[in-house]
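**Student:** Residues per chain are reported as follows:
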Amino acid sequence: ETGVTQTPRHLVMGMTNKKSLKCEQHLGHNAMYWYKQSAKKPLELMFVYNFKEQTENNSVPSRFSPECPNSSHLFLHLHTLQPEDSALYLCASSQRADHQETQYFGPGTRLLVL
Amino acid sequence: SQQGEEDPQALSIQEGENATMNCSYKTSINNLQWYRQNSGRGLVHLILIRSNEREKHSGRLRVTLDTSKKSSSLLITASRAADTASYFCATVSPGYSTLTFGKGTMLLVSP
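If you're matching them up, the sequences are chains A and B in order.
For what it's worth, the numbering used here labels the leading residue of the first sequence as 1, then goes sequentially.
For what it's worth, the numbering used here labels the leading residue of the second sequence as 1001, then goes sequentially.
Among the hints, erroneous ones may be present.
Said to hold, decoys possible - Computed footprint of chain B on chain A; a stretch qualifies when at least three of its residues, placed anywhere within it, have a C-beta under 8 Å from a C-beta of chain B:
id: 1; region: 37 to 43
id: 2; region: 48 to 62
id: 3; region: 68 to 78
id: 4; region: 102 to 111
As the list claims (entries may be wrong) - Derived CB-CB ranges, DEER-like:
id: 5; chain 1: A; residue 1: E67; chain 2: B; residue 2: N1018; range: 39 to 47 Å
id: 6; chain 1: B; residue 1: E1017; chain 2: A; residue 2: R63; range: 44 to 52 Å
id: 7; chain 1: A; residue 1: T7; chain 2: B; residue 2: T1027; range: 35 to 43 Å
id: 8; chain 1: A; residue 1: T80; chain 2: B; residue 2: N1018; range: 44 to 52 Å
id: 9; chain 1: A; residue 1: S59; chain 2: B; residue 2: S1028; range: 23 to 31 Å
id: 10; chain 1: B; residue 1: D1066; chain 2: A; residue 2: Q95; range: 25 to 33 Å
id: 11; chain 1: A; residue 1: E1; chain 2: B; residue 2: R1050; range: 23 to 31 Å
id: 12; chain 1: B; residue 1: R1060; chain 2: A; residue 2: T80; range: 45 to 53 Å
id: 13; chain 1: B; residue 1: Q1014; chain 2: A; residue 2: T80; range: 46 to 54 Å
id: 14; chain 1: A; residue 1: S59; chain 2: B; residue 2: R1080; range: 39 to 47 Å
Stated by the list, open to error - Stretch by stretch, here's where chain A covers chain B in the computed footprint (C-beta under 8 Å, at least three residues):
id: 15; region: 1020 to 1033
id: 16; region: 1039 to 1047
id: 17; region: 1092 to 1099
Rather than coming from a laboratory, the hints here were simulated on the basis of the structure.
For each residue, glycine too, the CB sits at the ideal point set by N, CA and C.
Let the sequences and hints guide you as you build the complete structure.
**Tutor:** This is the structure we're talking about:
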């Protein structure tokens, strides 16, 4: 248990669906991250929020839309996804994004797009 | 762009043996971190070594860093079946605020 929770743990959606992934951290951290992990590829950073402000958008397609209402919660809104978006989506948090120390990861959401 | 690259891609050993994984990177770093990931789960931080450090220990883990060769190694001594996982190195470069991960080494420890 790392103090970072993600829901749902598994998600199957069609290409026309809209769904949201949720991440919550109970560590008092100020930075939160979304990563995508596909088979045989390095972990890809998608978005970074530092003190609720988005500081990094790693050329992510607009069908992925992040939202950070406060320092403890992070969402990833999904719409009109493609089959190649199927992957494990990991959320992480750290004390702050501009001093890169340890990141704490959630268990991930396994997404399958049909 | 990918910074860390682990070697080997996969490693299979018997319980009790030592496991050594290597990580090479391309540009200068502030620190290098090792993480473990059990199958289909989140990553767990193992150890962080700063650019001015050469060696660090944590329990059965030993990490070395050679900045002249831009490489690091992770040694797990007296391995156990529970050490079966993927191991990733991640680097933080000066002027950047994010971690860059490699593809990882899959370690299988057989009883």
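**Student:** Compare the structure with each hint and give your call.
**Tutor:** Okay, the hints, checked on the actual structure:
no., hint, in the structure
1, 37 to 43, "holds (count 4)"
2, 48 to 62, "holds (count 4)"
3, 68 to 78, "violated (count 0)"
4, 102 to 111, "holds (count 8)"
5, A:E67 to B:N1018: 39 to 47 Å, "holds (46 Å)"
6, B:E1017 to A:R63: 44 to 52 Å, "holds (46 Å)"
7, A:T7 to B:T1027: 35 to 43 Å, "holds (37 Å)"
8, A:T80 to B:N1018: 44 to 52 Å, "holds (49 Å)"
9, A:S59 to B:S1028: 23 to 31 Å, "holds (24 Å)"
10, B:D1066 to A:Q95: 25 to 33 Å, "holds (28 Å)"
11, A:E1 to B:R1050: 23 to 31 Å, "holds (27 Å)"
12, B:R1060 to A:T80: 45 to 53 Å, "holds (47 Å)"
13, B:Q1014 to A:T80: 46 to 54 Å, "holds (49 Å)"
14, A:S59 to B:R1080: 39 to 47 Å, "holds (41 Å)"
15, 1020 to 1033, "holds (count 3)"
16, 1039 to 1047, "holds (count 6)"
17, 1092 to 1099, "holds (count 5)"
Of the numbered hints given earlier, the model fails hint 3 alone.
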